[in-house]
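Note that this note's numbering has the sequence shown beginning at 1, numbered continuously upward.
One should not assume that every hint holds.
[Said to hold, decoys possible] Within a straight-line C-alpha distance of at most 27 Å, the following computed DSS-like cross-link-like pairs (lysine-lysine) qualify:
id : residue 1 : residue 2
1  : K95       : K47
2  : K47       : K88
3  : K88       : K40
4  : K95       : K42
5  : K88       : K42
6  : K95       : K40
In short, the hints are calculated from the structure, not lab data.
Given the structure is predicted, the values throughout are model-derived calculations rather than measurements.
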Amino acid sequence: MKKSILALLVLSVGCFIFYSFILNRSNKTEFSSADRISFKIKGTGSKNIFVTIGIGSQPGSGACCSGVSNNSTSGFSGEIGHVVYDGKTRRIITKIYRDLEGTTINLADYY
């Protein structure tokens, strides 16, 4: 009788630990490398430069090219770890990172 109660107790604790581990993993709110981030890009303003924007794992790859005129602001999204680049010159503007979510990149700071 004692052995069966002990076995049942061990089995119950084992199940509790297993399900706690599974539930903890499924409730994680961290970003993975494949998560997409949404952000805006504002034009160069008085510098009057039209910039073509590309987003991909490296310059020349991925989605290219969406234009941002000098007085406009456009919405973009990309995966964490990818880069935002100038589609014409292939110059990297910024790398996409978690804290970029919901922010606005001002191209006047880069040109």
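Hints versus structure:
1. K95 / K47: 23 Å, holds
2. K47 / K88: Given that 27 Å is the threshold and the Cα spacing comes to 17 Å, the pair holds.
3. K88 / K40: 19 Å, holds
4. K95 / K42: 16 Å, holds
5. K88 / K42: 17 Å, holds
6. K95 / K40: At roughly 14 Å apart (the allowed maximum being 27 Å), K40 and K95 satisfy the hint.
The structure is consistent with each of the numbered hints, conforming to all of them.
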